[in-house]
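Going down the list, the protein sequences come from chains H and L. The end of the first sequence is residue 106 by our numbering, with every number in the run present. The end of the second sequence is residue 231 by our numbering, with every number in the run present.
There may be inaccurate statements among the hints.
Partner residues aside, some chain H positions facing chain L, computed with beta carbon under 10 Å [claimed, not checked]: (1) Trp6; (2) Ala7; (3) Leu8; (4) Gly13; (5) Thr16; (6) Thr19; (7) Ile36; (8) Arg37; (9) Phe57.
The list that follows gives simulated cross-link-like pairs (lysine to any residue, SDA-like), each with its CA atoms no further than 20 Å apart [claimed, not checked]: (10) L/Lys7 <-> L/Trp102; (11) L/Lys162 <-> H/Pro70; (12) L/Lys162 <-> H/Ile73; (13) L/Lys183 <-> H/Arg86; (14) L/Lys123 <-> H/Asn59; (15) L/Lys207 <-> H/Asn59; (16) L/Lys99 <-> H/Thr22; (17) L/Lys103 <-> L/Ala116.
By construction, these hints were calculated from the structure, which means they are not laboratory data. Just so you know, even glycine gets a beta-carbon here, dropped at the ideal spot from N, CA and C.
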Amino acid sequence: MSNWALIIYCGLITYLTRFTMIALIKKEMFNDRIREVLSFVPSAIFPAIIFPAIFINDSGSFQLEDNPKIIAAIIAMVIGIFTRSIIATIFSGLASYWFLIFVI
Amino acid sequence: MKSSFKIFLKGIIDVSPLMIPVVPFGLIFGVLAIDIGFSPLETMGMSLIIFGGASQIVLLQLFSGGASSLVIISSVGAVNSRHLLYGAVVSEHLSDLKLIWKIIISYFLIDQAFAISNEYLKKNKNNNRYFHLVGGGATCWVIWQSTTLLGIILGSAIPEKLGLSFAVPLTFLALLVNDFRKLINVVVIIISGLVATLGYNYIPFKAYVIVAALAGLVTAIILTKKNKTK
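The whole structure should be built from the sequences, with the hints applied where relevant.
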């Protein structure tokens, strides 16, 4: 598949998830139970991107020791829990990562 | 009744604070896409056609890991399933609109616009209240496209050893800050993360995003059920 075809298919599926419910839904199709479960979608999906990006190194193997990303991510998470700020979480994580790889 | 333009402006003002993190997110996307080997035109095309930060980053992540197109597309679909929830929630406010407006608004139904307009739509009953959602979505569109472009331009100037790709997990981590305080969410986060990490090399076709997400959702279904029967 060419890059452009891939981009267009990804665009289509993204658009359809936005459009389907607005265009087709009848209220009774979505009960509280389904709403409740769907509210967990971010918690179920984002870690699948976060964890491998932190624990799996560039050569594709699991790295627990000598891995500054783990410490930086923990610092970012703690800052995030206390401040509830998206921007503070990102920048505290990046700043600690840079501190760990360039200064120490 | 308030004019549509005023409601549109209100949407822009309300969404503005949420635009601060979009700036680094867009820059990182542009830089990474060029780094991975997409052309500037393809990178811009992704932001214009897909217009979804999480979808685009997942596309890059899996593409650079050598996943097949089918896995990439279905993973993007899985990441986007949260929009079904947004659509279901706002649809009751849009049910009287013409189809053409539903088609336009769907393109702008993004996390940030949903977050602010959901509140507004609940509190206001004007017929033209949906302009709030369009205002928020259009603001994010302008920022997303311009930061992508800036990222493309900066792409070659930013040294690789800065480790900017680490900003990807950080951005997603930041989107979960409100969930770390809820026990069921924390369990779901850990299960999904463990399945993805341990399965990274063993789950075929790089389908670890889908498998981990399903494991997380099943965990959520079981835990929320128990909670209720108590």
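These are the hints, each one checked on the structure:
1. Among the interface hints, the one on tryptophan 6 of chain H holds; its C-beta lies about 7 Å from the nearest C-beta in chain L, closer than the 10 Å criterion.
2. A hinted interface residue such as alanine 7 of chain H counts as satisfied when its beta carbon comes closer than 10 Å to some beta carbon of chain L; here the least separation is about 8 Å, so the hint holds.
3. For the restraint placing leucine 8 of chain H at the interface with chain L, the shortest Cβ-Cβ distance is roughly 5 Å, inside the 10 Å limit, so the hint holds.
4. Checking glycine 13 of chain H against chain L: minimum C-beta separation of about 4 Å stays under 10 Å; hint holds.
5. Taking 10 Å as the C-beta cut-off, the interface hint given for threonine 16 of chain H holds, the closest approach to chain L being about 5 Å.
6. Evaluation of the threonine 19 of chain H hint against chain L yields a held restraint, the C-beta minimum of about 4 Å falling below 10 Å.
7. With a cut of 10 Å, the hint placing isoleucine 36 of chain H at the interface with chain L holds, because the nearest CB-to-CB distance is about 8 Å.
8. Look at arginine 37 of chain H: its Cβ gets to within about 7 Å of chain L, closer than 10 Å, so that hint holds up.
9. Taken as an interface hint, phenylalanine 57 of chain H checks out: its beta carbon lies about 5 Å from the nearest beta carbon of chain L, inside 10 Å.
10. Note on lysine 7 of chain L and tryptophan 102 of chain L: the hinted pairing holds, with a Cα-Cα distance of about 18 Å set against a maximum of 20 Å.
11. At most 20 Å may separate the alpha-carbon atoms for a hinted pair to count; lysine 162 of chain L and proline 70 of chain H meet this at roughly 14 Å.
12. Taking the CA atoms of lysine 162 of chain L and isoleucine 73 of chain H, the gap is near 18 Å; set against the 20 Å cutoff, the hint holds.
13. About 13 Å separates the Cα atoms of lysine 183 of chain L and arginine 86 of chain H, which keeps this hinted pair within 20 Å; it holds.
14. Taken as a hint, the lysine 123 of chain L and asparagine 59 of chain H pair is broken in the structure, with Cα atoms around 46 Å apart against an allowance of 20 Å.
15. Our distance criterion of 20 Å between C-alpha atoms is met by lysine 207 of chain L and asparagine 59 of chain H, whose separation comes to about 16 Å.
16. For the suggested pair lysine 99 of chain L and threonine 22 of chain H, the alpha carbons sit about 15 Å apart, so the restraint of at most 20 Å is met.
17. At roughly 18 Å between alpha-carbon atoms, lysine 103 of chain L and alanine 116 of chain L fall within 20 Å of each other, so this suggested pair holds.
Of the numbered hints given earlier, the model fails hint 14 alone.
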